[in-house]
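Listed below, chain by chain, are the residues.
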Amino acid sequence: MSAILLGILALPILAALALWAIPASIGDRLAAMYGSVISGLVLIGSLLLWPRSEGWFAYVPSQDQLLREGSRPLQAVTDVPWIPALGVRFHVAVDSISMPLIVLTALLTFVCCLYSLKITPRIGRTRSLIALLLVIEAGVIGAFSSMDLVLFFVCFEIVLIPMWLVIDIWGDDHDPVGRKRAANTFVLMTVLGSALMLLGFLLVYRQAGTFDLVQLTNSPVLGGHGVPLAAALLIAVGLAVKVPLWPLHIWLPDAHAKAPTVGSVLLAGVLLKLGTYGLIRILVPVLPDATATMAPYLAGFATVAIIAGSLACLAQTDVKRLIAYSSVGHMGFIVLGISTLSQAGLHGALFANIAHGIITGLLFFLAGAIKDRHDTSDLRTIGRALYARLPRIGGLLTFASLASLGLPGLAGFWGEMLVLLGAYRPADSLPRTTYLVFMVIAGLGTVLTAAYFLRLVRNLCQGDPAENPASAFAVDLSRIELITWAPLITLTVLLGVWPGLLLHQWGTL
Amino acid sequence: MTLTWTDWQAIAVPLVLAVGAVAVLLIDSFWRSASVQLRHTVVTLLTVALILFGLVFVWAQRDDFKPAFCRPAVEGPAECSLVFEPLTAGLWAVLLIGALGVVGLSAYRLLSADVPVGEYHFLLLSALVGATVLAGARDLATVVIGLEVVSLPSFAMVALRRDRRGSEGALKAFLVSVLSTAVMLFGISYLYGVTGSLYLSTIANRLSGLDPELRRVAFAAGLFVIVGFGFKIAAVPFHGWLPDTYVGAPVEVTAFLAVVSKSAGVAGLLVLVTSGVAPSGSELRTVVAILAALTMTVGNLAALRQQEAVRLLAWSSIGQVGFLLAPLAVGDAQAVVGYLAAYVVVTVGAFGAVAVVQRHRPGGLLTDYRGMVRSEPGLAGALIFFLVVLAGLPPGLAGLFTKFAAFQAVIDAHLGWLAIVMAINVMIGLAVYLRWVAELFRLPAEDPFSVDIESPAVAMISLCAATAAVLSILPSTLFSLAI
Amino acid sequence: MTTALFAVAGAVAVVAAVLVVTSRRIVHAALWLVVALGAVAGCFGALHAEFVALVQILVYVGAIVVLVLFALMLTRAPTNPLPNLTTGRSPFAAVVAGVLAVLLGTGVVIAFGNEKVDPVPAGSATDVGTAIFKTWVLPFEVLSVLLLAALIGAIALSQRKKAKED
Amino acid sequence: MPLILPLLLAVVLFCIGVYGVLARRNAITLLMSFELMLNAVNLNLIAFDAWRVDGLATGQTLAVFVITLAAAEIGLGLAIVLLLFRGHGHVDADAARDLAEQERQETPELQEKGAAT
Amino acid sequence: MIATAWRVAGVGFSLLVVLAAGLLYGVSPDQAAFLNSSVGDLTIGFAVRTDDLTVLMLAVVGVIATCVQVYSLGYLHQRAASYHALVTLFTAAMVTVVISDSLFFLLIGWEVMGACSYLLIGHYWERRDARSGAIKAFLMTRLGDVGFLFGIFVLGLGAGTFRISELDPAAISPGLLTGGTLLLLVGVVGKSAQVPLQTWLPDAMPGPSPVSALIHAATMVAAGVFLIARLYDVFSASQTTMTVLAVVACVTMLFAALCAMAAVEVKRVLAWSTVSQLAIMFSALSLGTTAGRHAALFHLVTHAAFKGLLFLCAGVLLHQVGSAAFVVLRRYTRRGRLRKALRVTFVTMTIGLASLAGVPGFAGFFSKDTVIEAAWHHARDGSVVGWIVLVSVCLTAAFTAFYCMRMWLWVFFRTPALAGALGAFEDENATADLDEPDTSKLRDAPWVMLAPLVLLAFAAIALGYVDGVHLDWVIASVSTVLVLLGALPAYSLWSRGADPRPVLLEREFGVGTAYHVMFVVPVQLLAKLTVAGDRDVIGGYVRGAGRAGTLASQGFRKLQTGNVQTYLTAAVVGVVALAVLAGVIGS
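Protein chains in written order, with the UniProt record's numbering: chain A, 1 to 509; chain B, 1 to 483; chain C, 1 to 166; chain D, 1 to 117; chain E, 1 to 587.
Since the hints were derived computationally from the structure, they do not count as laboratory data.
Computed from a prediction, not measured in an experiment: that's the story for all the values here.
Each hint should be verified, as a subset may be incorrect.
What the hints assert, rightly or not - Restricting the straight-line Cα-Cα distance to at most 20 Å, the calculated cross-link-like pairs of lysine to aspartate or glutamate (DMTMM-like) are: (1) A:K118 with A:D378; (2) C:K134 with D:D54; (3) C:K116 with B:E446; (4) A:K118 with A:D175; (5) E:K558 with D:D94; (6) C:K116 with B:E213; (7) E:K558 with D:D54.
Unchecked claim - Under 10 Å between C-beta atoms, here's a sample of chain D residues computed to sit facing chain B: (8) P2; (9) L5; (10) M37; (11) F65; (12) I74; (13) G77; (14) L82; (15) R97.
C-beta: ideal position from N, C-alpha, C; glycine also.
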């Protein structure tokens, strides 16, 4: 097992290096094929890691349970000292919290590579793009599987420069200044956040004397004031930049709007998850008391994010920006769920993480497809009546919108529902009335979410075709698009009708 | 006084370097029959051999503890002028590696730059003697003289091209240095007056039992000493000379200043701080912390809009010094040496890459680097790696972990405000280096830079990159340098 | 007696030093430097550091100032007064120096105001030589490297560029 | 003799030296000012040596070292000044500003637009 | 090809539903759970059940859906594939609601219906009113659904289970029970278009008529009634909720009836009548008695028949004439063509209207009487709610008769006083009324469309007798009188060619406008504000930081004059400053 995990960590990196070693004259097609094969292998590997037996526990309540036969908390453990002088270990493992996210990462990267077989940004240089995607994949999987705070931090940082390059080089080719600024804002804000997070980790280390997550989870840093609170605050701020939580979200719309399609997909589908994953994996178990002190404020910001994100979407005129802002709202839900510190809320947050990755990935693919066809992502320039011009893409956009607005029966619903359920009954230590207010506001937020997606559909898909004549080169859904999107669509429906597929994995958090 | 075997062992490296320096000078002066080319090669090889000897020696003795030039003290343990201990070994290793890198850099460009080869290597080795002595020094006389031995030869090296720019750069560095020496000596004189000793251990002992009035003077004295080092390592506000001198000097000499000279300054300051002149909790550490915060902020901010490669490296090296000062302010030798080691390796590499480009494009603008990822993938890749290490982001894990250690040291010392300033500076620093990286990736407007790179340069840069890569994968090596 | 001698020498030194940094004739400044350094040597003598005083006169007055004068001639410094020998910042510089003097002076007075020096003859060449070669061997040796390096450096810098070597 | 006398003299000399360094233009006078500062140091050392009668003559030794140091410094310094004179034709420290950063037009990012498309 | 497949699938599926209803008839009640997963101490999963209510609703849904699917074969040719697929999904969603024993499973069906109705209302997305009507429908029901979801939380957590069959009102504390049921009621109000969330239903009329039939007769809006019937134990355990329900229902029925009296488009009249009739069902439910529940369900069934019929008839009008607005229809009517050309439609629609109005002998009459009777019995027991319901239903019966009569007459019959009728429905351009429409091509609809009409017309009569006829003659006669009281003024107005429509009624009490001003406009303003805030405040900080960095950078570059003495000065000043600073910090 651990060999598989190490394999899917190392393979993309080595493959990326090998790809750079090959001369640039290798064709785009071949590079994408190579990337698809590699990421396909990673996907297979990650699926092999998927639990085959019951009895996984995300967090071990006590030591004796750890020793009990048959209930190993972590799978595929590799634990070797790395930098003894700093107390850093190379400790990777997976459990049921990280596993779905790893599979999601592998899947989205695979899909992106596959997509690049036919459809690549106009800048070209596909070889490097593929290599960077692979590096991002390795970094994200590493972050999801690291059981050491510092290793997590390192993997967290690994993705930054590749993503920065992806936005800076392959971004919107009409707006070099804008994409540069977007890329810089992204990387700088994230780096500041992660540096603050690192400070938090170091404070934890000062208190607990270890960076090891398993140990920290089993014997957390208690106390809700003073140093633990400072540590929690720093970690939360650092992760909130990544999530991104209002008001630290300002990098997101630009980054998404300017990034190439595959970049947006990975950014929204995978990278944002690092933040929420960190909150669940690190903040909640390691600093329980401090998190409880902070949780109502976190929930407040999350609620504001839900409302502000939705309101901002209502006034957007750029389809990619709109979807980006919708991410702000959705991530707000996830953070709200986490900050309830309740079973339902945490489950909801985890579920919403996956669902958001799939659905928003699909939405960004669709937005990219529309943008490629019209050479702009401005709603007013694209015009209306996509149903008439590109009926299949329009239909899929409507489908994805419905999924994203949380229609029951599609994947988006369960996460948000559980989050609201968590807010209805937060952990005992939290002020319930406050959370009830948040719940009601967040509930209204779902209405606003519906409103902006319907507005999007209305302004883009519907309308009089006579007023918006078809573009000459507009081709409806191509085969590669269908192939790459099919898994996402399938999963959206599957998770919608069978949430237990994931929910039962998590057991007691 | 009779010199014991231990004394000889302890000063073997500086001694060999000093003798070697004279040998180099003599070979170059009196072997006129040989061609310049040959003499250059021989001199370079000899220098390399000397430095390698030093490295081997340090490696062999790395765990020893050898006090040298001791005398029995009136009170307390024996007072020694020089101590070879693991910390010294680590600092010497860093200094020698840096010097080796500079020699390697000099191997492929010096001839065209009108620099007398023998003198150049002589001065370099002399400075290295000073640096090694400084890193082991345990009395203030040795410290100040060692520092001068580092400084004066390097100023001569700055002007060694004997042109307008070089002389101006040397003058600026020289004036600032002399002022700093005077200030430092003034401080030392007071320290002597207050404690009656020049030995660091004795000073440390006596400082703790001073009257309040004398303590104030001692504080001012310590401040002057630290300020003296502040000039050397170009901590803000004593940094003004640095960018001008870096730009004025030949690139190799700039690398020398940035690597050996700066490391020596840091080493001296580290010795001062750790051996008790600024004990934990003293206001002097606060001063160093303030200097650290100021230095990194100003350095990084000023680097933000630079358009010349060397000037950017100059300012960013000021920023790096700020980061070095942070663990120094809390007396964490391990973090300092680790940081220094990573910094030295990648700085040599970065200057190596700059030297290659500057040789063909003397303008030295960042825009000259456009599109190099395509036209010179190897060089560009290495340069990007060096810059990323300097920024402290993956894949430059060496830089990341040394910054991490710095953070850890600061956090452990409860200097929260400094940690926050450092965090902000990580961001600004990243912005600085990413501008350069972005140029490398950008598609060039006209012809991109592309040449046949000389094989010494290839070897040198690859070596640096390989070292940095190894340090990135096994960062623990960095921190085992000074235990 | 020594106090009076010291006071006189000190006063001379201060006056000469002020003239060094204010004189409008650059050569005069150099000559005033000789006076100042000599006066300081006198101070040393008053403190019974005869060896240092001698070295001071030998090295400073004898060597350094001569070197400076040569340099002045080589750089064709005019002997007539120069209007712009000081920069426009000089008032500010005076303020800075003044503040520094006040700060340092106060500190020194507070710390050492009541101390007395009772100079005993310990400044002979023997004493200093013994100290140097018994205790301060290492700095002395390093100092020799410094002198050599400075010398070679100065020579290297002073050489004219060879148009084309060999 | 009160200790304060030589110490205050040293302070005054040092500050005069500082003034000279900051205010004078001619590089050689700057060097002269440095000599004043170093002399202040020596005065301090000698005074403290005389105050602390420890029989080791530490202060005097260091003073001798400082004088030697000063000699080495001024030797190299004059060489640099002469070099500057050869290059610039003057020895005005205030006017040597070749190495100041030249104001440059910000390289417009837009240049690449042509290249990118 | 795909369209054909979906047509077949659609019809087949609806027949399957009917078949399932038939098979399940008489089977003893049972439940089954599946796909469960535990979240903490809660179980989230799905469950189905079968009982009488399920069978009844399945039958209604199946029959109506079959009619609609078959009817649509003839009605719709444009984008048929997506249309039939969505109608099928719609039906499936309603079936889900009906058979569900899990609140979450129910919610899935509940909201998927909302989405389907959105998509189907927006079927003619070229039309502006269709687009906005669709959005309005979805958003208003979604708003209600939020309350519904919260209600599920309250009840589910209160009872510790999300299984409907395990919800025990006795196990839930009274406060939670009231809160939970009230929140569920919000969802019901939204779904069933009761006051105050009533405006979406009339605006949903731009959708295809068969869809309207499906929404109004059997699925979406009926789901609200079904839900309360399903959770009747829980609801009736909370007196407060029942009172609120009664008030809402009574206000709604009168309000909607009044609005219907002034509407000038066939489908709009029918839409308001649906709202009003649903309110009657709710009022029956709000009695809290078994009789009330029975009456409500009875009315639900008959209403499904006649309202489905009426909408399909309206669809024929739309299909054959091209519009269902009175003003257009009148052009044909004045030529006397409409009734003759659309003979089957006329007859079936007459049956439907009669049933709606409660003309004795028709199904609607019987079911309405059951409601009145239930209310009367309850009122007699001394219940204020009973009295309120009784009075309201009686009034509504009269109003209903009025608007049915009015519509019937104005659509199908030439006005005796022709001149007076001029301008009855046109505000301007009265002469346009005299334009000669081409009546020669007016034919009745094809048989696929007429067959469902006939079937439903039969049902609209026969269903009244299914339950066995047991009339309270007093009540029957009272309600007959009420019908007459309502119908006569309509006749007299028509015969005079006048159609006075109070402005208040015509604007539907201005609720739509008020909502627009109160909610839509502020939200749009807030949205603009948020974007501006992001750009100018939050983004401003970020940009400001960037600019500050650049400025600082330029500043430091400016300080770097190249003059060494500046550097020295700075350094010395720095020393002094540091000394002072450290002194301050140290002391």
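Hint-by-hint comparison with the structure:
1. A:K118 with A:D378: Given that 20 Å is the threshold and the Cα spacing comes to 24 Å, the pair is violated.
2. C:K134 with D:D54: holds, 15 Å
3. C:K116 with B:E446: Outside the cut-off at roughly 77 Å; violated.
4. A:K118 with A:D175: Given pair A:K118, A:D175 is violated - Cα atoms ~24 Å apart, limit 20 Å.
5. E:K558 with D:D94: holds, 16 Å
6. C:K116 with B:E213: holds, 16 Å
7. E:K558 with D:D54: Roughly 52 Å separates the two Cα atoms, so the pair is violated.
8. P2: With a closest approach of 14 Å, the D:P2 hint is violated.
9. L5: Status violated, d = 14 Å.
10. M37: Status holds, d = 4 Å.
11. F65: Cβ of D:F65 sits 6 Å from chain B, so the hint holds.
12. I74: Since chain B brings a Cβ to about 9 Å from D:I74, closer than 10 Å, the hint holds.
13. G77: At about 6 Å, which falls below the 10 Å cut-off, the nearest Cβ of chain B leaves the hint on D:G77 intact, so it holds.
14. L82: Holds, because the Cβ-Cβ distance from D:L82 to chain B comes to roughly 9 Å (cut-off 10 Å).
15. R97: holds, 8 Å
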